[in-house]
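J.: Work the whole structure out from these sequences, hints included.
If you read the sequences in order, they're chains A and B.
The opening position of the first sequence corresponds to residue 1 in the working numbering, with each subsequent residue numbered one higher.
The opening position of the second sequence corresponds to residue 1 in the working numbering, with each subsequent residue numbered one higher.
If you are wondering where the hints come from, they were derived from the structure by calculation, not from laboratory data.
Mixed in with the good hints there might be a few duds.
Unchecked claim - Interface residues of chain A toward chain B, partial, derived using beta-carbon atoms under 10 Å: (1) V20; (2) S24; (3) A91; (4) L99.
Glycine is no exception: its CB is placed at the ideal position from the N, C-alpha and C atoms.
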Amino acid sequence: KQEVTQIPAALSVPEGENLVLNCSFTDSAIYNLQWFRQDPGKGLTSLLLIQSSQREQTSGRLNASLDKSSGRSTLYIAASQPGDSATYLCAATDAGNMLTFGGGTRLMVKP
Amino acid sequence: DTEVTQTPKHLVMGMTNKKSLKCEQHMGHRAMYWYKQKAKKPPELMFVYSYEKLSINESVPSRFSPECPNSSLLNLHLHALQPEDSALYLCASSSAGTREQYFGPGTRLTVT
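T.: Below, the structure written as structure tokens:
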């Protein structure tokens, strides 16, 4: 059974810092890996999708990498802003379309 | 249009009530999902519909009854719920190609 772990569970940084969120998964037979953002009480917003054959994806200040062999993905946020404060979730999709979520990283960016 | 809509946004119901949650997408996705999310926890999968047929039921109690009337709509019928069923209920859909999942804003359910 797939297990997804996110480290750290919480992170507080001053505005402007570059930061890295980590995600690890136990079963490398994934179809893709998604990074989501969730604001309190809201739904999930898809940030980046990395297919199993890809190594990284970029969108604006966000860059996500995938290393299937080591079972790791990282989300890099450049020049963090207070508006980036949210919970970030990674999720691995298996061949059966099932998503397994990590526990999330709660990010606080202080002005 | 990459939007999944859910109604209602908030729902308060007693343990003897019957209510329904509704989810809609017009992206042509043929897979739709119901998730339950408790505070400060990741979403937990409840049901998966693939081409309007129930393909996965994650051992959800029968007081939750899903329905997929057509390829754009997904309902979750609720009956005789318990206070511990209070949570954020999220709907999602995905394409057959990328399998990227798109989530709706959720329905905040409170069972009194």
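J.: Now look at each hint and say whether the structure bears it out.
T.: Outcome of the hint check:
no.	hint	in the structure
1	V20	violated, 20 Å
2	S24	violated, 15 Å
3	A91	holds, 8 Å
4	L99	holds, 6 Å
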